[in-house]
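**Q** Sequence:
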Amino acid sequence: MKLTALEIKQQNFEKSIRGYDKAEVQAFLNLMSNEWEHLVAKNRELEQQIESLEEKLKHYERVEEALHETLQTAKESAEQKLAGARKDARNKIEKAEMEADTIVREANQQRQQIRQSILRLLDRRKEIIGGIRSYLELAQESLDQFSKDEAALFEVPKSEEKEFDSKFRSKINNRTSDSSSDATDEDAQTLPPGTEDVDDLIDELD
1 MKLTALEIKQ QNFEKSIRGY DKAEVQAFLN LMSNEWEHLV AKNRELEQQI ESLEEKLKHY
61 ERVEEALHET LQTAKESAEQ KLAGARKDAR NKIEKAEMEA DTIVREANQQ RQQIRQSILR
121 LLDRRKEIIG GIRSYLELAQ ESLDQFSKDE AALFEVPKSE EKEFDSKFRS KINNRTSDSS
181 SDATDEDAQT LPPGTEDVDD LIDELD
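Each residue of the sequence shown is one higher than the last, beginning at 1 in this note's numbering.
By construction, these hints were calculated from the structure, which means they are not laboratory data.
Think of the CB as a built atom: it goes at the ideal place given N, C-alpha and C, for glycine as much as any other residue.
Accuracy of the hints is not assured; some may be wrong.
Stated by the list, open to error - Straight-line distance between alpha carbons at most 27 Å, and here's what the computed DSS-like set of lysine-lysine pairs gives:
no. : residue 1 : residue 2
1   : K92       : K58
2   : K75       : K95
3   : K87       : K58
4   : K56       : K42
5   : K22       : K56
6   : K126      : K22
7   : K148      : K126
8   : K87       : K75
9   : K95       : K58
10  : K92       : K75
11  : K42       : K126
12  : K56       : K81
13  : K42       : K95
14  : K81       : K58
What the hints assert, rightly or not - Simulated DEER-style distance windows between Cβ atoms:
no. : residue 1 : residue 2 : range
15  : I103      : S77       : 23 to 31 Å
16  : E35       : R86       : 48 to 56 Å
17  : E55       : R133      : 50 to 58 Å
18  : A27       : Q145      : 29 to 37 Å
19  : K58       : R86       : 14 to 22 Å
20  : L31       : H68       : 51 to 59 Å
21  : E37       : K81       : 51 to 59 Å
22  : I129      : E55       : 43 to 51 Å
Using the sequences and the hints, build the whole thing.
**A** Printed below as a string of structure tokens:
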């Protein structure tokens with residue numbers, strides 16, 4: 001499937017609750033779009049250079065053919081000129097072929113470099129996505145652990161709850177019996193039985 005820079009830039013993705021950061025995804029798409037546009041332009045330039053070289057090569061071939069025909073008509077009277085012209089044409093062709101081979105080789109090297117750049121960008125994309133995924137997983141684990149720690153912080157152990165209840169009931173019974181024995185005194189008419197003791201008990205619990 002062929003993609004254009006505009007298609008990459010305008011690519012849409014389905015949204016989810018724990019999806020990727022929209023700004024980062026858009027920034028990456030813009031980067032890929034610009035890089036892709038640059039690569040397409042560079043590739044178009046290389047193709048134009050190759051076409052130009054092919055035209056030059058055809059031109060030299062036509063020149064060779066023309067020289068060959070001209071020399072054939074003057075073969076009997078200009079053997080030396082014909083040999084020199086053939087040698088000159090051959091040198092031009094060899095030079096043109098060498099130049100064409102050099103340009104084609106450089107074009108292939110540039111294509112390979114472009115391909116490696118694309119692969120590096122794809123690897124970088126995988127690294128970014130992996131880093132984001134690891135960060136989200138770590139954040140979720142931290143949130144789960146925080147919830148567990150918070151619940152454990154306010155949880156009262158069963159043994160301490162039973163011990164507290166036993167001590168509380170014991171103190172209530174002791175205070176009640178003491179208040180009943182003191183209720184016969186005439187000096188205890190101002191407060192209900194056990195009122196001060198309950199206040200003391202509350203102070204002790206605090």
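**Q** So which of those numbered hints doesn't the model satisfy?
**A** 5, 7, 15
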